[in-house]
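Hey, can you work out the whole structure from these sequences and the hints?
Residue-level listing of the chains:
There are 2 protein chains.
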Amino acid sequence: MVRAGLTAERLARAGAELADEVGFDRVTVSELARRFDVKVASLYSHIRNSHELKTRIALLALEELADRAADALAGRAGKDALVALADVYRDYAREHPGRYAAAQYRLGPEDAAGSAGVRHAQMTRALLRGYDLTEPDQTHAVRLLGSVFHGYVSIEMGGGFSHSAPDSQETWSRILDALDALLRTWPSS
Amino acid sequence: MVRAGLTAERLARAGAELADEVGFDRVTVSELARRFDVKVASLYSHIRNSHELKTRIALLALEELADRAADALAGRAGKDALVALADVYRDYAREHPGRYAAAQYRLGPEDAAGSAGVRHAQMTRALLRGYDLTEPDQTHAVRLLGSVFHGYVSIEMGGGFSHSAPDSQETWSRILDALDALLRTWPSS
DNA sequence: CCATTTGCCTAAAGGCTTTAGGCTGGCGCA
DNA sequence: TGCGCCAGCCTAAAGCCTTTAGGCAAATGG
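Those protein sequences? They're chains P and E, same order as listed.
Each residue of the first sequence is one higher than the last, beginning at 268 in the working numbering.
Each residue of the second sequence is one higher than the last, beginning at 268 in the working numbering.
Don't take each hint at face value.
Listed next, the in silico SDA-like pairs over lysine to any residue satisfying Cα-Cα at most 25 Å (straight line) [to be verified]: (1) E:Lys346 with P:Ser455; (2) P:Lys346 with P:Glu402; (3) E:Lys346 with P:Leu443; (4) E:Lys346 with P:Asp347; (5) P:Lys306 with P:Ala341; (6) P:Lys346 with E:Pro403; (7) P:Lys306 with P:Lys346; (8) P:Lys346 with E:Gln405; (9) P:Lys346 with E:Ala448; (10) P:Lys346 with E:Arg451; (11) P:Lys306 with P:Glu276; (12) P:Lys346 with E:Met390; (13) E:Lys306 with E:Arg277; (14) E:Lys346 with P:Glu276; (15) E:Lys346 with E:Lys306; (16) P:Lys346 with P:Arg396; (17) P:Lys346 with E:Lys306; (18) E:Lys306 with E:His318; (19) E:Lys306 with E:Arg361; (20) E:Lys346 with E:Ala275; (21) P:Lys346 with E:Glu276; (22) E:Lys346 with P:Pro454; (23) E:Lys346 with E:His318; (24) E:Lys346 with P:Arg396; (25) P:Lys346 with E:Ile442; (26) P:Lys346 with P:Tyr311; (27) E:Lys346 with P:Thr452; (28) E:Lys346 with E:Arg392; (29) E:Lys346 with E:Met390.
Hints listed in this document are in silico derivations from the structure and should not be mistaken for laboratory results.
This is the structure in C-alpha cells:
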C-alpha cells in the first residue's frame, strides 16, 4: 500500500485550496481525506482536530497576505503606498475568497501572537510614515485603515455593493482618495 | 401530551437568544429542539431547514438593529447623529454578539431585498444630509461609513484591538472625529 | 537484516440534518 | 354537543461529520 505522504503542512495547503473552491466554512476533515484518497482517521495523526486544521489554514493565509503586502509596499510611499496596500487586501480576497475568510478565523492568543498579524500592523504603520502622524494618532489611523479595508472587502464579497450604482471599483477609488486626504489633514486631539 | 406551541417566529427569537449565548455558528436545529423540549424532527414543520432558521435570525437581527438606529437618529444631525449611529452598531454587537454575527449571515437576493438592510442604507443617507455631499459622493460615503462601522466592530469583537494600547474606546472616538472631519471636507472628484 | 517507529486502516461511538410516515389533541362546523 | 379533520409532535432511519482506539505494514536506521 503506497503511502500518501501526508503532512500538517500539505493538509493546510490543500485545505486552503479547498477553501477557495467551496468556501472556508465547508472545509472539512472528511473532504480533505477524500482529496488525498485516504481514510478520514488517517488525518488525525497529523492534525489534532478540525480546529487545528482551520487554524493552520488561517495562519497560512495571513502569511501569504503579509508577503504580498510587503511586496506591494516596497519602494512606494504616501498615497501610492496606501492604494497598493489596500489593493493587496481587496485583490487577495477576490482571488482567494476561501483563504481570505480563513484569515478572519478567530485565533487563540497563542496562535495570534505567532501569526503574521503582527507584520500586518507593522506594515500599516510603515505606510503611515508617509503621513505626518505621531502616537497615539498613528495607532488610531492603523486601526481605521484596518477597519476600512476589512470592512469594505467583506461587505463587497458578501455582495453588499453589487446591486446598486455606482460600481464598486469607483467607490473603492474614491474612498482611497478620501482616506489619503484624511491622513494628510488628520484632526489632532 | 401538551403541545409546545412552536412557530417559525418563536424559533427565530429563541435562536437569536441561543446565538448570543453560544455564538451564531453554534446555533443548531438540534440545540433549539432541546431548548423547547421537543424532538428535532418537530422543528421541520415550521422551518424548511437549518439555513432558513439562520436566515430568520439574521432578518430579525437586521430589523432590531434598524429600529435602534432609527431611534438613535431621531432628533439628531451632523456629528451628533454620526456618533449615535456608529454607537448603535458597536453597542449592539457588544450586547448581542450572536445576533450581530447573524446580521452578517449571507442572504439570498430574495431575502436581502425584503430585509431591513435597505433601511440601514437609507438611514446612513439621511445622516449624510447633515453634511454637504451630492451624488455620487453620497453613495461613496454611505459605503465608507458602512465599511468602517462593520470593519471596526468585527475586528474589535475578534479581540483585534484588545492587546495593545491605547484602548479601543479611545480609538473609536478619534475615528469618529476623523470621519466627521472627512465628511465636512470630502474631496470632490 | 531486523526492530522500531511511523503512517494509514478498520471499527465504532456520538452529534447534526433532513425526510417519511404515524398518532392525536383540538378547532370548526353541524 | 359531537365528530371529523388537520396541524403539531413523535418514532424511525439514512447520510454525513468528528474523534478515539487499536491493528498491520512500510520505512528507517542501527
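Each hint tested on the structure:
1. Distance hint between Lys346 (chain E) and Ser455 (chain P) is fulfilled; the C-alpha atoms sit about 17 Å from each other, no more than 25 Å.
2. Of the supplied pair hints, the one linking Lys346 (chain P) and Glu402 (chain P) holds, its CA atoms being roughly 20 Å apart against a limit of 25 Å.
3. Our distance criterion of 25 Å between C-alpha atoms is met by Lys346 (chain E) and Leu443 (chain P), whose separation comes to about 22 Å.
4. Straight-line distance between C-alpha atoms of Lys346 (chain E) and Asp347 (chain P) comes to about 30 Å, which puts the hinted pair past the 25 Å bound.
5. A threshold of 25 Å between alpha carbons decides the hint, and for Lys306 (chain P) with Ala341 (chain P) the separation of about 45 Å lies outside it, so the pair is violated.
6. Of the pairs offered as hints, the one joining Lys346 (chain P) and Pro403 (chain E) holds, with about 22 Å between alpha carbons and a cut-off of 25 Å not exceeded.
7. Distance hint between Lys306 (chain P) and Lys346 (chain P) is unfulfilled; the C-alpha atoms sit about 51 Å from each other, more than 25 Å.
8. Proposed proximity of Lys346 (chain P) and Gln405 (chain E) is supported: the alpha carbons are some 22 Å apart, at most 25 Å.
9. Our distance criterion of 25 Å between C-alpha atoms is met by Lys346 (chain P) and Ala448 (chain E), whose separation comes to about 19 Å.
10. Using a Cα cut-off of 25 Å, the hinted pair Lys346 (chain P) and Arg451 (chain E) holds, with the two alpha carbons roughly 21 Å apart.
11. This hinted pair checks out: Lys306 (chain P) and Glu276 (chain P) have alpha carbons roughly 18 Å apart, not beyond 25 Å.
12. For the given pair, Lys346 (chain P) sits about 31 Å from Met390 (chain E) by alpha-carbon distance, which is inconsistent with the 25 Å threshold.
13. The hinted pair formed by Lys306 (chain E) and Arg277 (chain E) meets the criterion: a straight-line CA distance of about 16 Å does not exceed 25 Å.
14. About 50 Å separates the Cα atoms of Lys346 (chain E) and Glu276 (chain P), which puts this hinted pair outside 25 Å; it is violated.
15. With a C-alpha separation of about 51 Å, the suggested pairing of Lys346 (chain E) with Lys306 (chain E) is violated against the 25 Å cut-off.
16. Under the criterion of a C-alpha separation no larger than 25 Å, the hint pairing Lys346 (chain P) with Arg396 (chain P) is consistent with the structure, at around 11 Å.
17. Pair hint Lys346 (chain P) plus Lys306 (chain E) does not hold up; C-alpha atoms about 59 Å apart against a cutoff of 25 Å.
18. A C-alpha spacing of about 19 Å is found between Lys306 (chain E) and His318 (chain E), which places the hinted pair at or below 25 Å, so the restraint holds.
19. A hinted pair counts as satisfied when its Cα atoms are at most 25 Å apart, and Lys306 (chain E) with Arg361 (chain E) does not qualify at roughly 32 Å.
20. For the given pair, Lys346 (chain E) sits about 40 Å from Ala275 (chain E) by alpha-carbon distance, which is inconsistent with the 25 Å threshold.
21. Restraint check: the Cα-Cα separation between Lys346 (chain P) and Glu276 (chain E) comes to about 50 Å, which exceeds 25 Å; the hinted pair is violated.
22. Simply put, Lys346 (chain E) and Pro454 (chain P) have alpha-carbon atoms about 14 Å apart, close enough for the 25 Å limit, and the pair holds.
23. Taken as a hint, the Lys346 (chain E) and His318 (chain E) pair is broken in the structure, with Cα atoms around 39 Å apart against an allowance of 25 Å.
24. Our distance criterion of 25 Å between C-alpha atoms is broken by Lys346 (chain E) and Arg396 (chain P), whose separation comes to about 29 Å.
25. Note on Lys346 (chain P) and Ile442 (chain E): the hinted pairing holds, with a Cα-Cα distance of about 19 Å set against a maximum of 25 Å.
26. Between Lys346 (chain P) and Tyr311 (chain P) the alpha-carbon distance is near 47 Å, which puts this suggested pair outside the 25 Å criterion.
27. For the proposed pair Lys346 (chain E) and Thr452 (chain P), the alpha carbon gap of about 18 Å is at most 25 Å, so the pair holds.
28. Only pairs whose Cα atoms come within 25 Å are accepted, and Lys346 (chain E) paired with Arg392 (chain E) is accepted, the gap being roughly 14 Å.
29. The straight-line distance between the Cα atoms of Lys346 (chain E) and Met390 (chain E) is roughly 14 Å, inside the 25 Å bound, and the hint therefore holds.
Going through the hint list in order, the structure does not satisfy hints 4, 5, 7, 12, 14, 15, 17, 19, 20, 21, 23, 24 and 26.
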